[in-house]
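Protein sequences, first through last, are from chains Y and E.
Using our numbering, you'd call the opening residue of the first sequence number 1 and step up by one each time.
Using our numbering, you'd call the opening residue of the second sequence number 726 and step up by one each time.
Honestly, the hints are just simulated from the structure, not real lab data.
All values derive from a computational prediction rather than experimental measurement.
Watch out, some of these pointers could steer you wrong.
Said to hold, decoys possible - With a cut-off of at most 25 Å between alpha-carbon atoms, the simulated DSS-like pairs for lysine-lysine come out as follows:
{"hint": "1", "chain 1": "Y", "residue 1": "Lys690", "chain 2": "Y", "residue 2": "Lys393"}
{"hint": "2", "chain 1": "E", "residue 1": "Lys956", "chain 2": "Y", "residue 2": "Lys642"}
{"hint": "3", "chain 1": "Y", "residue 1": "Lys444", "chain 2": "Y", "residue 2": "Lys547"}
{"hint": "4", "chain 1": "E", "residue 1": "Lys956", "chain 2": "Y", "residue 2": "Lys375"}
{"hint": "5", "chain 1": "Y", "residue 1": "Lys375", "chain 2": "E", "residue 2": "Lys966"}
{"hint": "6", "chain 1": "Y", "residue 1": "Lys375", "chain 2": "E", "residue 2": "Lys1017"}
{"hint": "7", "chain 1": "E", "residue 1": "Lys956", "chain 2": "Y", "residue 2": "Lys632"}
Said to hold, decoys possible - Rough simulated footprint, nothing fancy, chain Y against chain E, three-plus residues with beta-carbon under 8 Å:
{"hint": "8", "stretch": "958-971"}
{"hint": "9", "stretch": "998-1012"}
The beta-carbon is built from N, C-alpha and C at its ideal position, and this holds for glycine as well.
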Amino acid sequence: MAGPAPFPMRPTDGNNVNNSIKFNSLTRYKVPRLVLSPRRIFSDILSKGWVESAIPLLGFLAVVITIALTTDSYFSGSNMRILALYGADTGLVILALLIVVAVGGLDLSVGSSLAMSAFVALYGFHILELPVLLVLVMSVASGAAVGVVNGVLAGFMGCGALLTTLGTMITVRGLFTLASQAKLVEISLSARSDDLWDWVGFAQFMTLPVVFWVLACVALLTFFMFRQSRFGWHILAVGGNRKAARNGGIGVKKTIFSAYVLAGAIVGLAGFIYAARQNSIAADTGIGLEFFALTALVVGLGGFVPGRGAVVSVLLGFATIYFMNNVLVNSGFRGDFVQLVMGSVIIVILAIDVRFRKNRHRLLAATYLDPVALKLPPVQNMTGLMPSDLAPKLAEATVLGSGEIDGPEDVILDAGGNLYCGTRDGRIMRLAAPDFTEITVLAKIGGRPLGLAFDAAGDLIVCVAGMGLVRVGLNGDVELLSDQTERSLVQVQDDTSIRMGDDLDIAPDGTIYFTDATKRYDMENWGLDLLEGRPNGRLLSYDPKTKKTRTVCDNLIFPNGVCLTHDGKHLLVASTWTCSILIFDLADLAAGPRVFMSGLAGYPDNINRASDGGYWIALAGMRNPVVDLAMKLPALRLRMSKQVPPTDWLFGNLNIGGVLKVNGTGDIKDALWDRASGPLYMITSMREHKGALYLGGVNNNKIGRLDLPGADPDWTGPNRYRKES
Amino acid sequence: MFFFRKKMAPPPSLTLEGSLGPNDRLDEADAIPVTAPETICVAGDALLISSGRDLYRLEAWGAPLERVQSFEADITALTASPEGQIAVVLTGGQLQVFGGETPWSAPQLNGVADLVFLSESELAVVEHGYAEDQPVLSYAPWDTARRGQVLAVHRNGSTRRLSEALHCPMGIVAAGEALCVSQLDQACIVEVEGALRQQGFPAYLGRLCETRTGYAIACLSRRNPLIEFLKTEKSFVRMMKETIDPRNWIAPRATPEFAHDFPMALGATRLFGEIKPWAPSFSYGLIIETDKNFVPVGSAHCRANGHRHAITDVVEWNGDLIAVSRASGEILNLGAI
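The shape of chain Y in the complex, shown without the other chains (with noise of 0.2 Å):
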């Protein structure tokens, strides 16, 4: 990405009388339509759920891949035919062992479940010679019985899931081979036959084996339980954290034995369709495959992990083992070779997805931060008004509330002179007219309340980080009007929610326009975002007619303060990083803004319009040679994100602020500084109310009043809006 245009210099007009704007004649400030990092792209990617399976699918394609090259025609169709039909019952028993073990339960009884809803289907259809269906039912109900027991056991008399289904693993066995032994010959000597049965168990639909669809069908109905179902949730709940999902109102008993009982009627018709397939049992049928079904499970999950649905995964660790057992022992090898093989290939594949899962968030934090170089045009037309040239003229201001608000980023006035601000624990706080001693909460609204504006009808708009956009009465109700805007076509992270709300004004016609300071970072780490010095923000807009937010111009520097003109014809934005004032025709948004101030003094925070026709802009912190130079340098920025505590990290200085005052065209008219060390620093808003300029800072705990001799003293904010309105 390219860093944004070098700004030039502005024509100094010392003596302008003439306020318009020229719009046309400013500076086009370029706008990236596209902000391209590899190492973003890489953290965004690290950052989405579905990295989880990296690895076990890495580990499917590694497999598929050397099949591929050294197997002829396996891939072929009909190949991939039989491995279907056989494999689908197979794959239903490891469904069925994860929601399982999602619940955070085990079941070792799932060989012996198959074989005996097996045996059910064979005696329901051959010797009963029961309708299909009704055999399914049979079936599907000799899995869930057993699915019931595990349940009693595990869930509600909390026996433990090894020990139990260890327990039933071992009844069932001997109970099917009691029947089998009673009722093989029988059976086998059976001769009906019927189409339906002959279907389920050798006929294709859609080139492919009905059984491979039977269970698609139910890994999609299990996928769609875990994302969107209260059930699914539940499960994932109780596995995640039992006790903290019986403090949030789950009965935790309730869902293990549902889950068991779920995970045994699938197993049901695993032996179903395995019944079908094979018209008979044997002794050993089902021997085995618990533990073949948990391998492949540990294999897509990485391990026994309770509280995760991974439909997904499971099913790639299934392919991967089934694909592997079946190409080694069709190649003709030994048993105990085969053995070898593919214990060796799955403890490599699990050695990497355990170490990549364990270290996936160290990775991300490492590569999260993505720095750019900012090259800032040298600080222009101050000479003299610099803190050190001046009186610190602040230091005449006096201190409202002093010690009673904690952290005021902006303050306003409504008609009656009442003063108002935001608080760090996400009150609005009320000081009463006239001599603000009186300190009341208006409202609590949460977040980070940051930019405020009164609206026509007078209630108060504000930015609040964290949340996006509320309006507060002035009786203190509270309404969210905007906490998302459009998603960015080309972005890998989700941006639709608005994460730093920060500064709003509202045009005639009633659109508020606000800033989201920063996509990437929340209001705790944004000097992060200074450290990063790329275009994360964006301007937006909120109709309250027809309550839809909208991006106006996103990729912009630490969008902070928004001003409109006098005219109301134009839009003045604050880009603080880069250390310079934006402007928007309101008429065409879409070109873009242009450059209406560069090259100040400090990082400026929000504008706002003087009675003069000029503005006043909050400098929240002061540039200096030292960091001009890191903004230059990323690599050395990252590189001090990862070597040096974030207490000691360079940054511009905070602890010195100011206002600057310029007129209508931007000409820098005068400064207001405190002394270095004097209470008002950090200014981070500014207010001109009835001749008297009203300050906020972030990080202090007081409101700065300063007389404005000369200043128009029936001049307020709220009157001018309503004369542009």
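Given the coordinates of chain Y, assemble chain E onto it according to the supplied hints.
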């Protein structure tokens, strides 16, 4: 090249923990305000204090300051001999010895930080090697050249070099038979013969003195992880030296005041107008007390929110530890050692 890049010197290993753990001893010390104090020494029973161009004498703690003499330039180094001779070095490098039978002076010296009498007729002089317009605290951390040396200056005018190629030596003390020198940025104590006595101090070392129990080292500031990191960034250092006025370099500082054009660490942001004592800072007040082997056994601090930073000199006087804070312009009495 990438694989064979020279490994950077590791930062000092000690941290401000254990016997170097934070306390308020410097903040709570008794103080006498003095204009532009730089160095002190004990002459007989009295304490001599440099104040810009003036030399003052203090007979007892609490007694009024008496002016001894005024010089034509600022005093940069000061010491006294057992027989009462007083040696001062002025900005510009002029050495003057008086108070004995015959005053004497020496040829031009460069950037003298400290000196000590070897005998009544010979002085060991520490030159840090930086010009007067090069503030040592700003330059030394970014300089790899070893410009410092120790010279023996005899009253007959002869000089001999005791040690050379030192990296910003700041103080000298007679440690038994040996002469030991503190190095500001290398944070170590070396003998003039070259042997390393102790290293890894978590501070930028200033002058030092012998005490009853060992030594006391005045520290100009504490080490800062950011500066230690930036030292490894060669191209950054080069660009900073080429393009930025030394006044605005990132460096340890002598004063805690904010300035709009000086960088800061993110954790030093004021909250509710206050700097937290534990905030990272480029200036700090610290005296390290060591045993006879220069192993730290105690410390006195003035933390990030204090004002008694940049301790330039320390002596034991009448059993009390006396220190100079350049930042607050005070002589501090920390009480009995």
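Item checked: Hint check against the structure, violated hint numbers in rising order -> Checked against the structure, the only hint that fails is number 6, while the rest are satisfied.
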